[in-house]
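K.L.:
Following the hints, put chain B in place on chain A, whose structure we already have.
Chain order of the listed sequences is A and B.
If you're matching positions, the first sequence starts at 1 in the UniProt record's numbering and goes up one per residue.
If you're matching positions, the second sequence starts at 1 in the UniProt record's numbering and goes up one per residue.
Possibly wrong hints are sitting among the right ones.
What the hints assert, rightly or not - No more than 27 Å apart at the CA atoms, straight line, and that leaves these computed lysine-lysine pairs for BS3-like:
#1 A:415 with A:53
#2 A:362 with A:52
#3 A:312 with A:415
#4 B:258 with A:258
#5 A:258 with B:362
#6 B:287 with A:312
#7 B:362 with B:287
#8 A:362 with A:415
#9 B:52 with B:312
#10 A:312 with A:52
#11 B:415 with B:362
#12 B:258 with A:312
Hints in this document: simulated from the structure, not taken from any laboratory.
Number of protein chains: 2
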Amino acid sequence: MAVARNLPREDGAFGFTSATAEDIDVFRSIVGEEGLVTDAEDLVPYNTDWMKKWSGSSRVVVLPKTTVQVSRVLAHCHARAIAVVPQGGNTGLVGGSIPTRDEVILSTSRLNEIVAFDAAGGVLTCGAGCVLEALDAYLTPRGHCVPLDLGAKGTCQIGGNVSTNAGGVRVMRYGALRASVLGLEVVLADGTVLDLLRTNRKDNTGYDLKQLFIGAEGTLGVVTKVAIATPPRPTAVSVAILKCPNFDVVLQLFALAKTALGEILSAVELMDSLAVETAMARCPGLKRPMELEDGAFAVLLETSGSCEEHDKAKMGALLDRAFAAEIVDDGVIAQDMSQAADLWAIREHVPVAAATGGYQYKYDVSVPIPRFYELVRAVRRRFQELSLAEDRAAAFGYGHLGDGNLHLNVVCARKDDEVLRALEPFVFDWVVAAGGSISAEHGVGQHKRAFLGLQKGPEALALMAAIKRAFDPRGILNPGKVLPDDPVSQ
Amino acid sequence: MAVARNLPREDGAFGFTSATAEDIDVFRSIVGEEGLVTDAEDLVPYNTDWMKKWSGSSRVVVLPKTTVQVSRVLAHCHARAIAVVPQGGNTGLVGGSIPTRDEVILSTSRLNEIVAFDAAGGVLTCGAGCVLEALDAYLTPRGHCVPLDLGAKGTCQIGGNVSTNAGGVRVMRYGALRASVLGLEVVLADGTVLDLLRTNRKDNTGYDLKQLFIGAEGTLGVVTKVAIATPPRPTAVSVAILKCPNFDVVLQLFALAKTALGEILSAVELMDSLAVETAMARCPGLKRPMELEDGAFAVLLETSGSCEEHDKAKMGALLDRAFAAEIVDDGVIAQDMSQAADLWAIREHVPVAAATGGYQYKYDVSVPIPRFYELVRAVRRRFQELSLAEDRAAAFGYGHLGDGNLHLNVVCARKDDEVLRALEPFVFDWVVAAGGSISAEHGVGQHKRAFLGLQKGPEALALMAAIKRAFDPRGILNPGKVLPDDPVSQ
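Okay, chain A solo, but in the shape it has when bound (with noise of 0.2 Å):
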């Protein structure tokens, strides 16, 4: 078989090979025809995002149903210099799981298997298909739970959210995702598969190469089986949606539920006034916790502890002293389980009312705490000063306060470019001179690999260009994400 050139293109051209119908028939050979898309419309979910924002021209979608099959096809498409694009749940918001052009898909849907749960030590090892949801479900009845909640959680797969370092709402109790990944089976470009699988909490033998897996989005290697430490099962949740005024009085909210419920406060949701509004306008059935007037804030409590009474006492004290200080002055706290689900259902519901109806750009970004909310003011000025009035351009802000992750989300009739433009570089440039990251928890995808060197000098890309070709060096993994150049082989 020919090798293809792999080398950079000056006509922009892509520099890989296409599969042929002889590739698909070696990718058969490997996995069955049972572990293959070829048929256009079924492509078509695969080929993009759901908020079909990117979209690419792949032909086949291959799914290995084991390590040794995600090997050998990785190796076929090594040799022949055929560029391949690892997807899980393919519910990523930046592109990353999405062809650019025709690149093959690997899918790890197929690799859903639990491998072991060692109930002493609470660890989980398991497959990179399994959907987060039913990881969660799995440990439900054994008392413990998995460390990372997001709205996409039925569909999303636990490969991808190590690939991309998923966020959610329970960093701030559990701290990021790479804290509880202890060991890795990943597959590298040319077929190695290196076993990294490791169960124990602790472990200095040198660099932890897993490190760089987990939010490489699938540029270095494909995580095939992940071993996960999970915290044991809350016993107690209490759940509250409070109404602050103003943005000031949210600091002083949060300044009190740290101090007053400590160790047990497991969230800090903030949403303004135009994030309810729009989930309760586009999405029936949400129950409506209060009035909330233009300018305020929700803002959404949760503990999560051993001790019921304890708990309980703890949340009534922060109320006590909320209200007592003219901090917050509406509220829902919930009274059971089925009232916790709908106070979380309106958070839950915000994204899905962004992408319902019209257009939305959506950006996840990293601020400090007390400027959380300043940049949604500074967009609306923009969009003021730019003549974008609100019914062309509505930008809400909404996310984890408690961790300074920012979702602002911008809500449009329709796809607009000078809206596009108004807002890219605009909000990167404002969170690099803040501070921030202008990646929080969603990674970099194909949506900020042009902006990354906003935020990282030059010595920091370079090395990263030089892990690329250390582990892949060829190029085939993932081209066109994370890294503002793909670098390639002399």
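P.N.:
Chain B in isolation, oriented as in the chain A frame:
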């Protein structure tokens, strides 16, 4: 200046240039006379570890005061192929900060500035040379604490802690140190300053480069600044030492403590009777909490929380259940912070006692929790089989049960090669076969590099070597440490 060759030497000689008087003049021009140590007597403590297991013959210690000085020193050493050993508080236990020959020692001791503390976010930014205890003292009046605590806190430096991903007694509560490190400033081998000094809790912008330096023991770069997330200081701490008659009930007590103490359980430390008796015999001033017959265990439990009333109720309930179930048959609960310190002092003096008089062999390993104590028994059995009776070599076990991190110490009257041959590779083979890690928290250093291949596959070792070559192509940083072989440039 001539550039020395830096190739693998078949004669086993050191492939680096020795620093000459001219080189020392260059260092003097960078750091001044006050930043140099060249006097033979003054060099001794830098050339030896505190256990006196490893020693080097460095003739110069350079103590830069700024990052720029670190950069200039390294650039010179890189150009001249002079090997460099980064050294913090020199409290390591595997020879990682001790020269193997006459490398230049680069001490971080004078990089000890506190750069910033962000009270809203709880983020501390400081120089690598800050002593851990000094940082905790700085944070105390600010209502925060460092997320790690270890016996060497009065001497060890945060840069060394980060470079070794140091463990200690707070891992159960706050996770591994790497989970708390938000940002680093690192100087690479050639003097390049790498600014990764982020302070955001969430930052998913490509490969998390800082993770490579955490635990690299100075082989990939010199950490010069650290930004670390500091948790709120617990306002209620309680400590108890309980006696368990055998290891099976220790495991029952651990399970019960996790349930009853939940999120406030902050430490579960185990000591066998010989560990306690060794501390009592060799460290005057310790207060005996209880009689501990041969074969019994002392378990130190600590809770750290935000509400003294609730926390005391939880600890009381645990003790009632433990005594009622006859899991525990004696114990002491500290009534105040002074008594709590007395109980911790016993645990902290076990390693000190082992280092007092005679000679010790120390092993720091991860093992699955149900098999936590089995290794100690296996070593004792082996000593008996080899007729290395107890007056010649006595093994005891203690450590962080909550993290599966056993410390196995063997005390001898003197250095005893026969005992060493009985222990190595036996201990490492046993740990690997049990699915553990041959280094839980102490790192690899000089001690364990030859054994790394027992635990890591050739694929992982090859990637480690590739990273080393990419970051330090001439191999000048801490040669003879961590990696089984020193990869050098061609």
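K.L.:
Given the hint that residue 258 of chain A pairs with residue 362 of chain B, test it: the Cα-Cα distance must not exceed 27 Å.
P.N.:
violated, 41 Å
K.L.:
Given the hint that residue 362 of chain A pairs with residue 52 of chain A, does the C-alpha gap stay at or below 27 Å?
P.N.:
holds, 13 Å
K.L.:
Check whether the Cα positions of residue 415 of chain B and residue 362 of chain B lie no farther apart than 27 Å.
P.N.:
holds, 12 Å
K.L.:
Please work out if residue 52 of chain B and residue 312 of chain B have their alpha carbons no farther apart than 27 Å.
P.N.:
It is violated: about 44 Å lies between the C-alpha atoms, which goes past 27 Å.
K.L.:
Is residue 287 of chain B close enough to residue 312 of chain A, meaning Cα to Cα at most 27 Å?
P.N.:
violated, 40 Å
K.L.:
Below or equal to 27 Å on CA atoms is what counts here, so check residue 312 of chain A against residue 415 of chain A.
P.N.:
violated, 47 Å
K.L.:
Hinted pair, alpha-carbon criterion (27 Å max): residue 362 of chain A, residue 415 of chain A. Please report holds or violated.
P.N.:
The given pair, whose Cα atoms are some 12 Å apart, holds under the 27 Å limit.
K.L.:
Need the status of pair residue 362 of chain B, residue 287 of chain B: alpha-carbon distance at most 27 Å?
P.N.:
holds, 25 Å
K.L.:
What's the verdict on residue 312 of chain A and residue 52 of chain A, does the C-alpha distance respect the 27 Å limit or exceed it?
P.N.:
violated, 44 Å
K.L.:
For a C-alpha distance cap of 27 Å, please report whether residue 258 of chain B and residue 258 of chain A respect it.
P.N.:
Judged against 27 Å, a Cα distance of about 23 Å means the pair holds.
K.L.:
For the pair supplied as a hint, residue 415 of chain A and residue 53 of chain A, confirm whether the alpha-carbon distance does not exceed 27 Å.
P.N.:
OK: residue 415 of chain A and residue 53 of chain A at ~10 Å, within 27 Å.
K.L.:
Quick one, are residue 258 of chain B and residue 312 of chain A close enough, alpha carbons at most 27 Å?
P.N.:
holds, 20 Å
Checked against the numbered hints listed earlier, the structure breaks hints 3, 5, 6, 9, 10; every other hint is satisfied.
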